[in-house]
Every structure is written in C-alpha cells, then in structure tokens.
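*Asks:* For the protein sequence lines, the chains are X and H, in the order given. Residue numbers for the first sequence, in the numbering used here: 1 to 176. Residue numbers for the second sequence, in the numbering used here: 1 to 354.
Everything labelled a hint here was simulated from the structure, so no lab data went into it. Heads up, some of the hints might be wrong.
[As the list claims (entries may be wrong)] In silico lysine-lysine, BS3-like type, Cα no more than 25 Å apart, as pairs:
#, chain 1, residue 1, chain 2, residue 2
1, X, K135, X, K164
2, H, K330, X, K9
3, X, K142, X, K153
4, X, K38, X, K62
5, H, K330, X, K4
6, H, K191, H, K347
Since the structure is predicted, the reported quantities are computational estimates derived from the model, not experimental observations.
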Amino acid sequence: MTTKELIRKIFFVEIFKGMALTFSRLFTHAVTRRYPHKIRRPAQPGFRGLHAWSGERCVGCKLCAGICPSQCIYIATETDKETKKLVVKKYDIEVLRCLFCSFCVEACPEGALALTEHYEYADYSREALYMTGEKLQANWDKYMTGKVEDYFKRFWVPREEFFKTPEEQAVFRGGR
Amino acid sequence: MFENIIRPETLEPVVRSVINIGIILINIAIIVGIALLHVAYATYFERKTIGHMQVRLGPIEVGPHGILQPIADGLKLLFKEDVIPQVADRTVFYIAPVIFFTAAMTSLAVIPFFEKFVIADINIGLLFLFAMSSLGAYGIVISGWASNSKYAFLGGLRSAAQVLSYEIPMGLSLVGVMIMAGSLNLSEIVKAQQGYPLGLYLIPQILGFVVFVIAMFAETGRCPFDLPEAESELVAGYFVEYSGFRFALFFLGEYVGMFIMSSIAVVCFLGGWTVPQFILGIPLIGDILSKVPGIIWFLLKVYFFIFLYYWVRATVPRYRYDQLMAIGWKILIPVALANIVITGLIKLWVKGMI
C-alpha cells in the first residue's frame, strides 16, 4: 500500500466523495411522476387497454374465441328461426385472464372488437373485471364513439406500402 | 399549608419526597412524550432525506408534503393483527421487545438536555449508558432465539457478535473524554469542555470522535453496519416474526437508540447544550445567539448527527461481515487504545508529573 492510498483510507476520501455527491443530489428536482393526483396522461395511440365490443357489428362467427390463446372469450349463439341468422346470446370476456395480444381484434372480420386506449380500470373484485356483453357494449359506446374508422385504419389495416417493392427496383412485375 | 409548599425545608419528609416524585414523573412524561414525537418525525425525516438524495420525493400524499405520514403509520401499526408463530417460545417472545424498548428509553434518564434538566443526574452517567445499550442487545438476541425462525436467529446472532465487538471501541473512545473531564457525570463533562479550545472536545479528541462515530453506527445497527437486519439477506433480521405493536416497539427502540447515541456524541464531543465559542466570538451575531436557550443548541447538534445517519445510509453500501469484524478489532480498538495512551500522557505532562 502506497502512502497515497494510506492517506486516502485514513481520511475516508472515497466515502466523503460519495457523501458530497449524495448531498448535492439532495437539492435537485425529483424525477418522480405523481401519477394519480398530479399527472394523468392519455395512453399512446394504439395502446391495448380495456376491451370493447359492438353488438351491432358482431355476427357471431366465433373466430375471436377460436384464436384466443388464453381462451377467455365465451360466446353463445343461436339461429333465429324466422330470419335464419345467427344471434349472439352471450358474449363475455374474462379480462383477468386476457394477455392483451390483440389476436381477437386481428381475427375479427367485422371490426366488432377493439382494445381501447383506456387503461385505468383496476378494481377490487373479480366480478368487476368479468366483462359481460352489456359492459363491453358500454365500453364501445364510451371509448370508441367516433374513433372506430380511425382505429381500424391506423392499426389494423395491413400497411401495404411497407411491403411493396420500390418502383425503381428491377423485379418481375407480371407479364403485361 | 400553602406556605409549606413555598418553603420546602419546613415540609415533612414524606410530603417532600412525594412532591419530588411528582416532579420526576412530570419530567419523565415530558421527556418520553418529546422523545416519541421525535422518533415519529425521525422516520419521516429519514424517508424524506433519503428520498431526495436518491432523486425521489419520499412520503408526500398524506397531508401537506406528507407531514402526517408518521401518524398514519403509527395508527396502521396499532390496528394491525398481532401474529405469533406457532413454534415460538411465547413467554420470551413477549418479553424481548419490552426489554429492547425499555433499555433504549431508560438511557434517556441520564442525558442532560440542557442545564439542570436531567431526570437522574447520577455520577456514573456514561457507564449507565453503556450498560443500557448493551442490555438492548439482549432484547435482540432473545427475540431472534424465541422467534424460532432461521432469519431471525441469524439476525440475533449477528447482532450479538456485532454489539459485543463494537461496545469495546465505543467504550475505549470515550475513555479519552473521561480522562480529560475527570468525571463520568454527563453534566460535568459538558462543563469541563468550557475550558478547552472552542469549548468542544472535538479538536483534542478527534481520534476518539472518529472511532465513536463509526462505533455508533455499528452499535445501533444502522447502515453501513446494518447486518442484523440486512433486508437483502435476512428479510428483516431479528424482528422478522414480529408484527403489530411488538414490531413498533422494536422500531421505536431502534430510533430512540439513534437519538441516545447522537446525544452521547453531542454531550461528550460537541459541548452539549453550550454554544460553540467561535460563534460567540463573532461580534453582533454572537450576542444574539448567546440568548438562544440551550435546548435548541442541543437539539440542533443532535439533529446533525441524525442527519449524518441518514446521509451515510444514502451513500455507503453494507459492509461484509468479516470486514465489519476486521474494522472493529484490527483498526478501531488499536486506534482507541492509542488515543487513551496519548491523552493520558498529555494529561500527565500538563499536570507536570512527567
């Protein structure tokens, strides 16, 4: 151990340096965001939040229930005897089991299902998070009114231009 | 009858002793009340200080700037369920927190907060404080034993070894002060400091002061020597199995212990309730500051040490156990012994015996 090291050790140089740093931090602004009371921000566009479902658009094809990896969509349908059309009797989503993969939204041919940008729906009971058809319809009315077109256009229509071959590139473009 | 109260010497001895006991009880009530209030707000201050040092906010939601947080915490602890493990040794389990808390609170009796305000002005004040701080270790050890849990047991063992090891350098570091003051009475020690430069023992006893401060951290089991309750290793150490008000007793005892250690440091090295003399020397300001009551100076100095506890906690990581022992036995004890020899020789030289 050199003399310099010994002196550094005896006078706690390293510790005092660290303490000077922490002391200077004492007067800086905290980085904490006081979420519920001071700062409430809307989610980013395309955020997958609370489920919403439209009874008018749904045709009862059960594609969403079929693709669901956690199998948390429960659908019951019956055929209307006069019009010979499928009528959805029950459409429930168990939100506590959902993993927000959005496969159901992708699978839906009618655009009847959406994951809204609303994310503050924590609750104390399981029942409150078991979304029945009426609740899902209410969510649709509340969070999707006027946004439906935009939502599906922006996030669920395949973006062809991303996958198109640039015009200047020499490729086989079919016999003409 | 009224006349008798005014002139105590004419009172009957029995009445006089009853009045004395009454006065002592009032003093105790005042000190316990103030100490517990201080403990409550020491937790708040700790969380705020460390929070801001780590660029966080600390408690802020309960009341303005979270000022009511300690009260909310206290209420929560009072109404919590008191869980006792099935395999615990019940009698000992009940007694342990009481021993710990009593040992901590008893030490408050001999500390002179300001001139003539001390419950028991005994001549062995310093020894009494050592005895009580060691007795607190019993509470920790038997709580660890009685809980019948691995973590608590390891915490208790660690605490026993740590307190035993650091009791020695702490006692030795104060021997220098005893030699210089020629007394173990804490009020006498404060008065004896007036004859020295700056009115503090800090300058002549700087070695003892450094050793004492390091031993102080270890003795109260605070960071960076918080091995008995190392959260990342032992969950919470010796009081893992305690909940509700028994946990609160340990918590209170720990914080009162911090205040006791800070008070010893203030009384023995920083001149207790007296104003530092270099401040009194300044012309205009010195006159004003000399009128400030002693209790405020005492508390300011104690608050500085409490702040030091938090400051170090926010800065220094925990030492390894063998490092802790090495610091205690290989460095602090030899340094403290050297300090005693040097102080003793200088004292003899000043007296003209060498």
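*Asks:* So which of those numbered hints doesn't the model satisfy?
*Replies:* 1 and 4
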